[in-house]
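Here is how the chains run, residue by residue.
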Amino acid sequence: MSIRLKIILIVLPLVVATLLLTGVSSYFAASNGISQVAREFLAFKSSQLRKHAESQWTLLVENGLTGRPEMVEATREAVASYAGSLATSATELTAAFASDGSVAMATGDLALASGEQEAVAALAAAKNTDYLTVDLGGVQRVGKGFWFEPFAWYVLVTEERATFYAGVNEILLRTLIILGVSIAAAVVLVLVFTGWLTRPLKRVVGTMEKIITTNDLGERVEVEYHDEIGRLAQTFNLMVDGLETAYGQVRSYAYQSSVSRQREKRLRNFFQMYVPKSVIDQHLSSPHGGPVAENRVIAMLTSDIRGFTTISERLRPEDLVTQLNRYFALMVEVIAKHGGVVCDYIGDAIKAFFGAPDKHEDDALQAALSAIEMIEALDEFNRVQREEAAKGGSNVEWRIGVGVNYGVATVGDIGCEKKMIYNAIGRVSDFASELEGSTKKYAQQAIISERVRREVRNDLACRHLDIHPTGDTGRPTNIYTVKRSVEGAEREAWELHNAAMGEYFPGRNFAKAASMFAKVQKLLPGDVASSMMQDRCRRYQTASPPPGWDGAEIGETA
Amino acid sequence: EIGQLAQTFNLMVEGLEAAYGHVRSYARTAGVSRRKEVRTLNTFQTYVPREVIEQATRDPKGILQGEERNVSVLFSHIHGFAEISEEIGDPEKLVSQLNRYFKAMVDVVTARKGIVDKYIDDAVMALFGHGERRRDDVLQSVHAGLDMIEAAERFNQEQKKHGRPEFPTSVGISYGVVTVGNIGCERKMGYTVIGDRVNLASRAQGMCKVYHQPIIFTGSVFLKLKEIERYQEKEKGGEAEEKAKDLMPCQMIDYVAVKGKRDAERIYTVNRNLAGTQKQAWSLHNAAMEEYYPNRNFSNAITLFSQVQKLLPGDRASATMIERCRRYEREPPGPEWGGYEVMKTK
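If you read the protein sequences in the order shown, they are chains S and V. Read in my numbering, the first sequence has 185 at position 184, and its numbers run on one by one without any break. Read in my numbering, the second sequence has 133 at position 132, and its numbers run on one by one without any break.
Since the hints were made in silico from the structure, they are not lab data. It is possible that some hints are incorrect.
What the hints assert, rightly or not - Straight-line Cα separation of at most 20 angstroms, PhoX-like style, residue types lysine-lysine; simulated pairs: (1) S/LYS419 - V/LYS37; (2) V/LYS104 - V/LYS161; (3) V/LYS119 - V/LYS104; (4) V/LYS104 - V/LYS162; (5) S/LYS442 - S/LYS484; (6) S/LYS338 - S/LYS484; (7) V/LYS161 - V/LYS94; (8) S/LYS128 - S/LYS52; (9) S/LYS338 - S/LYS360; (10) S/LYS484 - S/LYS441; (11) S/LYS278 - V/LYS37; (12) V/LYS104 - S/LYS419; (13) S/LYS419 - V/LYS114; (14) V/LYS280 - V/LYS227; (15) S/LYS266 - V/LYS227; (16) S/LYS203 - S/LYS7; (17) V/LYS119 - S/LYS419; (18) V/LYS280 - V/LYS311.
Using the sequences plus the hints, can you model the full thing?
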């Protein structure tokens, strides 16, 4: 039920009741008043008549004329005419009745109906002096009467009831009209007023509902007055302000959050170009930093570009970097394909390791395969170099050397707050560099250590090149070159060469070894490794190495 | 209506509560994201110079480029690090000590406005003048070299105190044009310098062992130093002439052609705190080097070198030179002699 209705239901009855009460009471007061006046006037008239009659009879009595009928008659007529003169309106009727109720005198025409006479007789008998209502001549009348003994009259001064009560009726009518009008006015006013009161409330509720249904926080309620509803509206507006701000904040935070996340993602992608992803992840997940240093068995791969200094001198810096980057892209792709981590570029050299941060069973094999494929990729690189050179560029073909070793290294984040590198250090790494450095000497593109060979000998073809005096452990170690596979003459040559190496050391059969190496030369014309060994064997034929010789080239400083 | 109002009011309060809940959680998320971003950036910056990161974020495509710059390249190296690492054994201890050593070195470099380009196992490669160019970059690089040797000394004192092995350090510096840039490919980037000046610095450092000097730099560095001194002299108005001249007393060690190169370099050492006799000895030594080459006045040279010996008993540089002069006295070199020794090793 609406408030308006409630208010109306309370106020309207009150107002109406009040009005009614007032109306009714004033009506009764008025009507009583008027009735009273009418009655008193009637009574006055009655008493005046009586007084007159009595004074007339007294006159008679004083003059002793009561025995004379014509005097009594004259007095009667005088009283009758007096009665007539008392009438102020046409509807007044004063009549005298005999004790049987018959009309003795009347100021107007009067013919009693049958029942009426008896009623009058009864009144006369009772000598009724009260106000009474009596039907006379078929007309209801109000009157006041008295018994006048001398004439034996029952005198009644009457007025037509209708006339008597006419004033009252008029008042009644008037009151009713006024009542009606004022009640109507009251109703209208109450309706209007309540409407006017509750309108702001309706508005507030309406706005609230609107906001809730449309979720549009831009709406506000008009504050029309400074009453409770006004305050309500104000408070409501404040709440909506609050909500709007809150949602604004939510949106802005959500946006910030997403922007930050995007930036972080971009940053991390860029970061991953410089540092292995798992290292980064470790950094971000652990509170204090990246991977902890530990000793791990890893395969190290170092590669270098032959004569790079000379090459770079002839190029403009932009061209140098462009070619270098093209080269790196190819090489790094190979390394990544085999699960290696490129740790750093040192000038034109690439340093990569396999087995950290994640270890695999075949790290050494993967490293060796990388070396082989890098050499294959170089052919692709050089093809483009030739193309560019044909177009007039200053590109030349590049030659590389790759060294692969396998062993324990210390792996981890090395450096300080200002500068870090995820690196693998140790003799393993140093020896890999040495192997790479010796590729020129043996005219080979890739050289691996004994430890690597042990891991790959079932999968790749290896050729025993020499014995390194110290290796990475301080003890002499074999070094090899490696290919995926060798066929035909090359295969024969390699097998022969390996056998010859056995004759060379520990066999010390230098003559035999030399001849075997010669045969290798025939199978592979221009082969540097075998011709080198051939020379060495010839030398040691004449100048035998001392006892305890470890197989390494004598006079060779590590 | 009041009932409706109350209902609506409750709905609003609920809405507000939920909203504030969201605000808190989103604020948290935003904070976390932001922190993560900052963390990533910070971690990143330890691996890659900040300017590179900034440049890359501005222009991601343009990073794979190179340009030429005049920089001073400094290499520091720890002798016999392989043996040292074996002595330490435990990898965490090794790396922890190495990191402390590196921190000392890096702090020196940053204090002298240089940047650490990379670590190569136990070596530190630093650059001066590669970013914002300053007039005295080369001077700062030489100071840095000397600072690093001093810092290494302090580090070694600490090591000794705790019974840990010392890290004997030597420094090589060169100066000249290098190519700076992001080299590599998308999978792996390295922001570094390439060029023969870089190799030269490394070779210079390698010669420290041969000549028993803690620091060696090349002729280009020396010339640049003198240039800076003259300039600083001018700045000071000439009254501090004496002081400025002795800012960086250098001793020319030799004239060598490093392995793999045709051109010869003069190599020098330097000492900031030269005592009186030493100063004198060094002047004599440098004069003697002139006599040696290009003057070919070997006997004069020997005389001067001997004087140096008297002032600095046991001085290796002069002793070596005396021997060589004697050798050339006996067998004078031909007319094509360039005055330099050819280094056979790296």
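So, going through the hints one by one against the coordinates:
1. S/LYS419 - V/LYS37: With a Cα-Cα distance of about 19 angstroms, the restraint between S/LYS419 and V/LYS37 holds, given a limit of 20 angstroms.
2. V/LYS104 - V/LYS161: Given pair V/LYS104, V/LYS161 holds - Cα atoms ~18 angstroms apart, limit 20 angstroms.
3. V/LYS119 - V/LYS104: Satisfied, since the Cα-Cα distance of roughly 13 angstroms is no more than 20 angstroms.
4. V/LYS104 - V/LYS162: holds (19 angstroms)
5. S/LYS442 - S/LYS484: Judged against 20 angstroms, a Cα distance of about 18 angstroms means the pair holds.
6. S/LYS338 - S/LYS484: holds (18 angstroms)
7. V/LYS161 - V/LYS94: The hint holds at about 15 angstroms.
8. S/LYS128 - S/LYS52: Between S/LYS128 and S/LYS52 the Cα gap is close to 17 angstroms, so the pair holds against 20 angstroms.
9. S/LYS338 - S/LYS360: holds (15 angstroms)
10. S/LYS484 - S/LYS441: The given pair, whose Cα atoms are some 17 angstroms apart, holds under the 20 angstroms limit.
11. S/LYS278 - V/LYS37: holds (16 angstroms)
12. V/LYS104 - S/LYS419: Judged against 20 angstroms, a Cα distance of about 8 angstroms means the pair holds.
13. S/LYS419 - V/LYS114: Distance of about 13 angstroms is within 20 angstroms: holds.
14. V/LYS280 - V/LYS227: holds (17 angstroms)
15. S/LYS266 - V/LYS227: violated (49 angstroms)
16. S/LYS203 - S/LYS7: holds (14 angstroms)
17. V/LYS119 - S/LYS419: holds (11 angstroms)
18. V/LYS280 - V/LYS311: Answer holds: V/LYS280 to V/LYS311 is near 13 angstroms, not above 20 angstroms.
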